Amino acid sequence: GSDQWGNIVNGIELARRSDQSQLFGLTTPLITTANGAKMGKTVSGAVWLNPDMLSDFDYW
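The opening residue of the sequence shown carries number 8 in the numbering used here; numbering runs sequentially from there.
Please note that the accuracy of each hint is not assured.
[Unchecked claim] Quick list of the computed label-pair ranges, beta carbon to beta carbon:
1) F64 x Q29: 35 to 45 Å
2) R24 x D65: 12 to 22 Å
3) P36 x N57: 16 to 26 Å
4) P58 x P36: 22 to 32 Å
5) F64 x A44: 11 to 21 Å
6) R24 x F64: 27 to 37 Å
7) E20 x F64: 33 to 43 Å
8) N57 x L37: 18 to 28 Å
9) L21 x A44: 13 to 23 Å
10) F64 x D26: 36 to 46 Å
Keep in mind the hints are simulated off the structure, nothing from the lab. Every value quoted in this text rests on a predicted model; they were computed, and no experiment measured them. Just so you know, even glycine gets a beta-carbon here, dropped at the ideal spot from N, CA and C.
Please build the complete structure, drawing on both the sequences and the hints.
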């Protein structure tokens, strides 16, 4: 999220100094439950993008 902006900018700057790559930083809105609560590992349930760890049915 936007609270990570400083980490993103510093990481990009470090990588650019190392190998002159063209890099981009990206933030996205939080994933929320149907009632609008934050979804994630700190709120009793990690969001996995690995089908072995979380089925499509459990995600949706």
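Hint check results:
Judged by the Cβ atoms, the range 35 to 45 Å given for F64 and Q29 holds: they are separated by roughly 39 Å. A hinted range of 12 to 22 Å is violated for the C-beta pair R24 and D65, which are about 42 Å apart. The beta-carbon spacing between P36 and N57, approximately 22 Å, falls within the hinted interval of 16 to 26 Å. Taking the beta carbon of each, P58 and P36 are about 23 Å apart, inside 22 to 32 Å as hinted.
In this structure the supplied range 11 to 21 Å holds for F64 paired with A44, their Cβ-Cβ distance being about 20 Å. Distance hint check: the CB atoms of R24 and F64 are about 45 Å apart, inconsistent with the given range 27 to 37 Å. One distance hint, 33 to 43 Å for the beta-carbon pair E20 and F64, holds here, with the actual separation near 42 Å. One distance hint, 18 to 28 Å for the beta-carbon pair N57 and L37, holds here, with the actual separation near 20 Å.
Separation of L21 from A44 is about 35 Å and departs from the stated range, judged on CB atoms against 13 to 23 Å. For F64 and D26, the hinted distance range of 36 to 46 Å is satisfied, since their beta carbons lie about 42 Å from each other.
In the structure shown, a violation is registered for the earlier hints numbered 2, 6, 9, in ascending order.
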